[in-house]
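Asker: Using the sequences plus the hints, can you model the full thing?
2 protein chains.
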Amino acid sequence: MAIPLPKLPPSFNPLSHPSPPPPLSPPKPSLLVTLTSPRLILSRTLRSTNLSNTRLPSATKDDSLSSIITELEAEQEAEEEEDLLRSPLHRPDDDDRLADRWREIHGSDDWAGLLDPMDPLLRSELIRYGEFAQACYDGFDYDPFSRYCGSCKYNRRKFFGSLGMDNAGYEITRYLYATSNLNLSNFFTQTRGSKTWSQKANWIGYIAVSDDDATARLGRRDIVIAWRGTVTRLEWVADLMDFLRPVASEGIPCSNPEVKVESGFLDLYTDKDPTCRFCKYSARQQVLTEVRRLVEQCTKAGETVSITVTGHSLGSALAMLSAYDIAETGQDVGVDGEKVAITVFSFSGPRVGNGRFKERFEGLGVKALRVVNVHDTVPKVPGILFNEHVPAFFRKFAEGLPWSYSHVGVELALDHKRSPFLKDTGDPSCFHNLEAHLHLLDGYHGSGVRFFLASKRDPALVNKACDFLKDHLMVPPFWRQDENKGMIRAHDGRWVQPERQKIDDHPPDMHHHIGRLGLDKDH
Amino acid sequence: MAIPLPKLPPSFNPLSHPSPPPPLSPPKPSLLVTLTSPRLILSRTLRSTNLSNTRLPSATKDDSLSSIITELEAEQEAEEEEDLLRSPLHRPDDDDRLADRWREIHGSDDWAGLLDPMDPLLRSELIRYGEFAQACYDGFDYDPFSRYCGSCKYNRRKFFGSLGMDNAGYEITRYLYATSNLNLSNFFTQTRGSKTWSQKANWIGYIAVSDDDATARLGRRDIVIAWRGTVTRLEWVADLMDFLRPVASEGIPCSNPEVKVESGFLDLYTDKDPTCRFCKYSARQQVLTEVRRLVEQCTKAGETVSITVTGHSLGSALAMLSAYDIAETGQDVGVDGEKVAITVFSFSGPRVGNGRFKERFEGLGVKALRVVNVHDTVPKVPGILFNEHVPAFFRKFAEGLPWSYSHVGVELALDHKRSPFLKDTGDPSCFHNLEAHLHLLDGYHGSGVRFFLASKRDPALVNKACDFLKDHLMVPPFWRQDENKGMIRAHDGRWVQPERQKIDDHPPDMHHHIGRLGLDKDH
Numbered sequence: 001m002a003i004p005l006p007k008l009p010p011s012f013n014p015l016s017h018p019s020p021p022p023p024l025s026p027p028k029p030s031l032l033v034t035l036t037s038p039r040l041i042l043s044r045t046l047r048s049t050n051l052s053n054t055r056l057p058s059a060t061k062d063d064s065l066s067s068i069i070t071e072l073e074a075e076q077e078a079e080e081e082e083d084l085l086r087s088p089l090h091r092p093d094d095d096d097r098l099a100d101r102w103r104e105i106h107g108s109d110d111w112a113g114l115l116d117p118m119d120p121l122l123r124s125e126l127i128r129y130g131e132f133a134q135a136c137y138d139g140f141d142y143d144p145f146s147r148y149c150g151s152c153k154y155n156r157r158k159f160f161g162s163l164g165m166d167n168a169g170y171e172i173t174r175y176l177y178a179t180s181n182l183n184l185s186n187f188f189t190q191t192r193g194s195k196t197w198s199q200k201a202n203w204i205g206y207i208a209v210s211d212d213d214a215t216a217r218l219g220r221r222d223i224v225i226a227w228r229g230t231v232t233r234l235e236w237v238a239d240l241m242d243f244l245r246p247v248a249s250e251g252i253p254c255s256n257p258e259v260k261v262e263s264g265f266l267d268l269y270t271d272k273d274p275t276c277r278f279c280k281y282s283a284r285q286q287v288l289t290e291v292r293r294l295v296e297q298c299t300k301a302g303e304t305v306s307i308t309v310t311g312h313s314l315g316s317a318l319a320m321l322s323a324y325d326i327a328e329t330g331q332d333v334g335v336d337g338e339k340v341a342i343t344v345f346s347f348s349g350p351r352v353g354n355g356r357f358k359e360r361f362e363g364l365g366v367k368a369l370r371v372v373n374v375h376d377t378v379p380k381v382p383g384i385l386f387n388e389h390v391p392a393f394f395r396k397f398a399e400g401l402p403w404s405y406s407h408v409g410v411e412l413a414l415d416h417k418r419s420p421f422l423k424d425t426g427d428p429s430c431f432h433n434l435e436a437h438l439h440l441l442d443g444y445h446g447s448g449v450r451f452f453l454a455s456k457r458d459p460a461l462v463n464k465a466c467d468f469l470k471d472h473l474m475v476p477p478f479w480r481q482d483e484n485k486g487m488i489r490a491h492d493g494r495w496v497q498p499e500r501q502k503i504d505d506h507p508p509d510m511h512h513h514i515g516r517l518g519l520d521k522d523h
Numbered sequence: 001m002a003i004p005l006p007k008l009p010p011s012f013n014p015l016s017h018p019s020p021p022p023p024l025s026p027p028k029p030s031l032l033v034t035l036t037s038p039r040l041i042l043s044r045t046l047r048s049t050n051l052s053n054t055r056l057p058s059a060t061k062d063d064s065l066s067s068i069i070t071e072l073e074a075e076q077e078a079e080e081e082e083d084l085l086r087s088p089l090h091r092p093d094d095d096d097r098l099a100d101r102w103r104e105i106h107g108s109d110d111w112a113g114l115l116d117p118m119d120p121l122l123r124s125e126l127i128r129y130g131e132f133a134q135a136c137y138d139g140f141d142y143d144p145f146s147r148y149c150g151s152c153k154y155n156r157r158k159f160f161g162s163l164g165m166d167n168a169g170y171e172i173t174r175y176l177y178a179t180s181n182l183n184l185s186n187f188f189t190q191t192r193g194s195k196t197w198s199q200k201a202n203w204i205g206y207i208a209v210s211d212d213d214a215t216a217r218l219g220r221r222d223i224v225i226a227w228r229g230t231v232t233r234l235e236w237v238a239d240l241m242d243f244l245r246p247v248a249s250e251g252i253p254c255s256n257p258e259v260k261v262e263s264g265f266l267d268l269y270t271d272k273d274p275t276c277r278f279c280k281y282s283a284r285q286q287v288l289t290e291v292r293r294l295v296e297q298c299t300k301a302g303e304t305v306s307i308t309v310t311g312h313s314l315g316s317a318l319a320m321l322s323a324y325d326i327a328e329t330g331q332d333v334g335v336d337g338e339k340v341a342i343t344v345f346s347f348s349g350p351r352v353g354n355g356r357f358k359e360r361f362e363g364l365g366v367k368a369l370r371v372v373n374v375h376d377t378v379p380k381v382p383g384i385l386f387n388e389h390v391p392a393f394f395r396k397f398a399e400g401l402p403w404s405y406s407h408v409g410v411e412l413a414l415d416h417k418r419s420p421f422l423k424d425t426g427d428p429s430c431f432h433n434l435e436a437h438l439h440l441l442d443g444y445h446g447s448g449v450r451f452f453l454a455s456k457r458d459p460a461l462v463n464k465a466c467d468f469l470k471d472h473l474m475v476p477p478f479w480r481q482d483e484n485k486g487m488i489r490a491h492d493g494r495w496v497q498p499e500r501q502k503i504d505d506h507p508p509d510m511h512h513h514i515g516r517l518g519l520d521k522d523h
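Protein chains in written order, with full-length UniProt numbering: chain A, 1 to 523; chain B, 1 to 523.
Do not take every clue at face value.
It does not matter which identical chain is meant; a pair holds if it fits inside one copy or across any two.
Unchecked claim - In silico DMTMM-like links for lysine to aspartate or glutamate, alpha-carbon gap of 20 Å or less: (1) K272 - D520; (2) K195 - E79; (3) K521 - D213; (4) K153 - D482; (5) K158 - E483; (6) K272 - E296; (7) K380 - D242.
None of these hints come from the bench; they were simulated from the model.
Computed from a prediction, not measured in an experiment: that's the story for all the values here.
Answerer: Have a look at this one:
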């Protein structure tokens, strides 16, 4: 923030190092906490259901000298944190290595050796893809007094520019819509007015393709699919039917009827409404046809292609399901007959399917790296009782149950209590917040390594849509908001909501593509 | 709002007439309610403490034909209201009569014959002065995460322009500050940070003077004093000490020790803090010196001058007190020895002093027109038991009590239930809202005359800082907000609160003026 404070020389600021600093002597207890490995943290989570009560040892109250030292240190830390909010952002300059390393970064070796210590390039790529998912929140019209409530606020061609992501290096080729779903009703947002852009649809994400410059830098043409989730309203978790259904029941061509996913996710992915211009095709039909078109077009041009699917929260479930579906239906096969890499970078995602789904997902070669905060409850559902951690001797029985779920892929477990920027709060929507995860990623370097921001990614972003930063940092909570809720003053002085010129729907040749892929036959 | 709806011909729209329409046949029950005179409404208020429970007779449920008609009418009304939100604003063109009529409009005849039916020129002038008071809210920095919390967001030279009031025709010559007051602590707003523009002061209003063009139109040089009140936080009412104190105790040169005002208002007006650049002078010292300077300057130039004091809520109490003080100390006397007119236009104001204060106020020739909403409780305090309505035989006893209050001047009582734009709510902060009062003024034409908007003043303004408009009008509640809470993205990509160049304080020759007026002697 713009508050003038005495600046400390860089050597005094343990948060400003672009690379891991040498251990300090004497250690600063509150920053030099000993980190356990992500996997250890996860297993500890399972033994203690209430991790938020875990406290690190601290100075006893009767030890007055050490309590004074602790106070002084706390003050210095506070100033250092404030300082950091005003220091220049550090941009990683190892982008040029991406062209060589992208397959590894996208999980070709299941991220072996990249998570602990944390690989800097993987870290910055995770943040980059997380920002694509975050854009789904930043672009969404939540205002129930807007007639465009539930749509994307920006035209797809102006999307990245409107969000200050002019340099994203991607072009959005398609907006994705879902049909209001009775079982997930509180996930959907509807206008209170009688006139609306759509009675049935909600904007739920987008598909984007890297432009030529970015493609050169990335080492391949990258197709990004980003799914919107929920920022603060976690009630959808309670709405989950917590009931597994065969993917084949919704037309996904899987020969094994034991491959099952949570019923609500499957509905959300496959529901459509013929009366609505935006959701007359299911999210599934929208994604598969667009991915097919892009994969064909790019491989025809002889390009190397990757498909990267990202999403947060409920969007993570859609990311897993759609990535699996793309592979299951063979949309990942180019005109040359070669499969393109499919990777999911998911954030705070719930479990999606059963053990058979996990086997099929991974068997198809789809890679998934799941970033979670150990204090967030969403990744613990559904299947809070029966999941991948059930002891082996019990698993055969558990797998027969319609409530036995399994996570897929590899987990990267972060802990928000390690960040000196975040305050002690009991608000679960903070623990679940995507911007908070991106902040934690920037500070994560591996087990046993102190939290410091690798790219100095702006901590102020954390409070965009929550109240998680320490108060002394003076970043307003929930600061992301439109001027006058989008109302503008017309020439005659009247305050009005401007009309939108055009809301992106679907290409005119959708029927042709749906027919060609056999998607008109789905259930 | 920008929602396309079938337009009705103007003759079908009872809300769009610029002058009172002839009675319709058959009458539309919900709009053609019989209005009682403002004074009758007030006396009824006193008999029934809970006016909000009063219901007008409506069609019985078993009368199905009339209920269908009522529904159809309600639908048509809804469309008409929505229509009005899109029709061009009507600007009164009788401004040119102001130069002749301003003394009458400012109460030279105590508004006799101007209130029922409502004089159109008085109505538009009341709205104009109310907008000066509203500007105090719109310009105030309420954000506890801003280091400028409690100040005015804009430099005084850019104030009207920043608020879209470029054509106000006034220049602000002075900002007014008050000292944080223990007894009215919840009226004051303070930053949560350690660094702030001031630990003690809050911006509390301004003094402005009409420019040459406006002066020609108004028929005199107009000095406006506008005092800030409270938008939604009504807790300050509970904080009132409800204890009368002689004005003389704070140095106001009134020879009668029985002239008393509420202790908290007197403190707010006279407190100062020598350690603070902004409130080292009391509000009283700030106002009196500036008014003296302006009155001398203008009368020296041979100009006719008026002093118009306005305020809402707690600001209304400061308006009454400062207007009285200006007259009591003779700051209203020009260099020619003539008194200039002092008028208070107050909105939703509480009682300020006792019966002796009222007599002295009015005896000094200060005029006050108080605009109230009969459902608002603030004008009923303090003195909810002992006030100007106590029967004559009891008054002598009551006047001796330290809790016996009296309103001053003339009341114009409005009733928000007459506006078809406002919804049925139990929220007292809506009843108290200043923008709602300005809306009600625009629709008020006198007893027995239907509510319709004389200037078609934008009803959307009502929801600036409350949730009072009917939902179907689709104006977002609390819509007035800064983009990203004032955070901006710096060149390096970091989100920061911009530094303010200069915060207006006080002229360097204040000591000289204070000494000249003998204000350095106040206790």
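Asker: Take the hints in turn and mark each one as holding or not.
Answerer: Evaluated hints:
1. K272 - D520: Close inside one copy (12 Å), not across copies (78 Å); limit 20 Å.
2. K195 - E79: Between copies, since 12 Å is at most 20 Å while 51 Å is not.
3. K521 - D213: neither (39 Å within a copy, 75 Å between copies)
4. K153 - D482: Both: 11 Å inside a chain and 18 Å across chains, each within 20 Å.
5. K158 - E483: both (18 Å within a copy, 19 Å between copies)
6. K272 - E296: Neither: 26 Å inside a copy, 76 Å across copies.
7. K380 - D242: within (12 Å within a copy, 56 Å between copies)
The structure fails to meet hints 3, 6 from the earlier list, while all remaining hints are met.
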